[in-house]
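Asker: Single-letter residue listing:
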Amino acid sequence: MAVPKSKKSDGPDVAAPALNQQTATRDRSVASIIKNAVVSALLALVLFSLMIGIRTETGPSGQLTYWTRFGELAAVVGAVFVGSIIVETIKRWTGPLGSVELPDTVRRAFSVLGRVLIPALLIFALLVPVIFYNQRYLLDLGILVLTYVMLGWGLNIVVGLAGLLDLGYVAFYAVGAYSYALLAQSGLPFPYFIETYPYVAIDFLQLGSWAFWALLPVSGVLAAFWGVLLGFPVLRLRGDYLAIVTLAFGEIIRLVILNWQDLTGGPNGVSGIPRPTVFGIPLTPGEDGFAALIGVPFSPTHRLVFLFYIILALALLTNWVTIRLRRLPIGRAWEAMREDEVACRALGINITTTKLSAFAIGAMFGGFAGAFFATRQGFISPESFTFQESALVLAIVVLGGMGSQLGVALAAIAMIGGFELFRGLDQFRMLVFGGVMVLLMIWRPRGLVSHRAPSVFLGRQTAIPSSMVKEGDG
Amino acid sequence: MTGNPTANILEVDHLSMRFGGIVAVKDLSFTAKRGDITALIGPNGAGKTTVFNCITGFYKPTTGMIRMIHGDSREFLLERLFDFRISKLAKVARTFQNIRLFAGMTALENLMVAQHNGLMRASGYTFLGLIGSPGFRSAERSAIDRARYWLDRIGLLARADEAAGNLPYGDQRRLEIARAMCSRPALLCLDEPAAGLNAREGEALSELLRLIRNEHDTSILLIEHDMSVVMQISDRIIVLDYGVKISEGTPQMIRDDPKVIAAYLGTDEKTAIAVMAGGA
Chain U
1 MAVPKSKKSD GPDVAAPALN QQTATRDRSV ASIIKNAVVS ALLALVLFSL MIGIRTETGP
61 SGQLTYWTRF GELAAVVGAV FVGSIIVETI KRWTGPLGSV ELPDTVRRAF SVLGRVLIPA
121 LLIFALLVPV IFYNQRYLLD LGILVLTYVM LGWGLNIVVG LAGLLDLGYV AFYAVGAYSY
181 ALLAQSGLPF PYFIETYPYV AIDFLQLGSW AFWALLPVSG VLAAFWGVLL GFPVLRLRGD
241 YLAIVTLAFG EIIRLVILNW QDLTGGPNGV SGIPRPTVFG IPLTPGEDGF AALIGVPFSP
301 THRLVFLFYI ILALALLTNW VTIRLRRLPI GRAWEAMRED EVACRALGIN ITTTKLSAFA
361 IGAMFGGFAG AFFATRQGFI SPESFTFQES ALVLAIVVLG GMGSQLGVAL AAIAMIGGFE
421 LFRGLDQFRM LVFGGVMVLL MIWRPRGLVS HRAPSVFLGR QTAIPSSMVK EGDG
Chain D
475 MTGNPTANIL EVDHLSMRFG GIVAVKDLSF TAKRGDITAL IGPNGAGKTT VFNCITGFYK
535 PTTGMIRMIH GDSREFLLER LFDFRISKLA KVARTFQNIR LFAGMTALEN LMVAQHNGLM
595 RASGYTFLGL IGSPGFRSAE RSAIDRARYW LDRIGLLARA DEAAGNLPYG DQRRLEIARA
655 MCSRPALLCL DEPAAGLNAR EGEALSELLR LIRNEHDTSI LLIEHDMSVV MQISDRIIVL
715 DYGVKISEGT PQMIRDDPKV IAAYLGTDEK TAIAVMAGGA
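Those sequence lines, one after another, are chains U and D.
In terms of this note's numbering, the first sequence opens at residue 1 and continues consecutively.
In terms of this note's numbering, the second sequence opens at residue 475 and continues consecutively.
Hints in this document: simulated from the structure, not taken from any laboratory.
Mixed in with the good hints, there may be bad ones.
DEER-style ranges, computed between Cβ atoms [stated by the list, open to error]:
(1) D:Ser612 / U:Ser467: 32 to 40 Å
(2) U:Gln461 / D:Gly495: 33 to 41 Å
(3) D:Glu549 / U:Thr352: 53 to 61 Å
(4) D:Val749 / U:Thr462: 53 to 61 Å
(5) D:Glu677 / U:Gly435: 22 to 30 Å
(6) D:Glu549 / U:Leu113: 43 to 51 Å
Just so we're clear, the structure is a prediction, and the values are computed from it rather than from any experiment.
Cβ coordinates follow ideal geometry from the N, Cα and C atoms, glycine included.
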């Protein structure tokens, strides 16, 4: 980090001429470093004296046996003491974190990089199947990353733009996946519905090879419908309360799927979900398959490449729609709502429809991603739609910088790619991962790309620093 | 100016607002005339902001009627309209005592958000806007022109692309008024617009309010503590104390009303008359 040395976290102005004043500052900062370290060490002692200092176990005849491990305890407390001194010294040295002002040249370099980065990423994404054609693993990883990029962009509408903290986003992913899976397998899944209204009943099986393309919008619409359904009860909730209700909503959807065995197959899931076709032409080795049609030998990689381009197209669609919506009155109303809901009401903006539209559109993209997930896997079960997924997608949005499209994409690459990168570390993977996230949040508390680009401008578009932009509380 | 210039634009009839056992506004009746600047003054806790919140739909009055009469003699009963509809249908805009700008959005964006309803219709409720229909584009251009006009009027054209939260306090005050004006209100309610302004900024504010009255078809209702602003620009003043109207009239009449002075000094009328006599 390029930080001017004069930026001390406390103490009087360092530029003061008197030399003894400088030494006094240093003395005081040394004392406070030691004091902090002692406090941390004491806390560690209290905490670890039971966790590490005493070890209990059930003896051979069921009685409690215990022994002490004061050596280990002393080592841990000592490590905390020394670690605290090191961390504090580094902090003094680099100045207060969070208020890091990059020099102008560095910032300009970043802005040039930012301008080049987007087209570069796009071209790279388009070329991935060409470059890594023979590496199935990397293609699979690419598809996974893009799925999370799309989910991140979808959730970004709700959390980043509208400022509504949604912890149950996976619910819409699940609705999309199950909508596609069930409709593609058995037509409208309610036999009595078909009996009662035979003229409206559509047999989706007749769609045959077009099933995915016909049902993709249906899955999105159904997910949007559930988004509105979630939106209604939480209209009046804000902040933590909203987060808890959305969390519960995600769990309710999962539990219903798990327990409604007649419809969803419960824990056994749904298998044999139709695979996507190249607009009607199946990707199979047969005579009427895509490979035979264009006259190349069949390879299972074809399908992988095709799936890659489908999810790339879906993700880019999400991105394009989001960028356009931001410049439309609805998008500006979302951001205004995030900034100040009361002022919005005073300006005649209908908060109800604004919130519901954010939920619906965010959910719709989640539904698209879900349908893609189902067709890619060919098998879905409730296990794929746990809270962990919601948390992961939310982490991507927060890490990326709420509201920033580029940031979310970078965060998805870093998070999902990072998971794979640290695979060699085995059980320490999560530990390393957590550590990296904590460091990132200290360095950039508002995410990787934390400034906001205005949606309309008269003269020059100048980014708004994150300190101005609110995170939304509703 | 359209319609009968001496006609009422706002009629508040027997308005009462109770919070539990506390009566904030008691049986208040007053009118505001079209094209006038009407001021609502009174000591702290007199119930001025409560009246405002009733008019602008943030509170639902306990009893009473608030009638908004437009130039084309359409009428709206504000106590029956809900929330955002007061601004959308009845065309009553307001500002806030503590500035409520969209701090993370630029000055221009703030003014664009204020034109939400018109733009929303022009964008075919987003669907036409998404495909970039020419109708929406021209609507957006005229919205930007309107914003530009108001930015010019408040002297912020050069800082249009700056975050609203970054602007100086006085500019934020005027930007909030400009934002309210961008929603094309028939009645503009200002809650202490001069609070925290220095003398020069106060002068600029008075000028802006006069411009709104003279050049736009918008009547103004304002709450104010700063007597110099009130006396300078108001056409009529209504004085509240403890939720009751104690006086009403032109600035000159209010200035000489012992009841008003008594209320402000916190004494009875006799002392006030004595003080006035002493001062004169």
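Asker: Mind listing which of the numbered hints don't hold for this structure, in increasing order?
Answerer: Hints 2, 3, 5 and 6 contradicted; others consistent.
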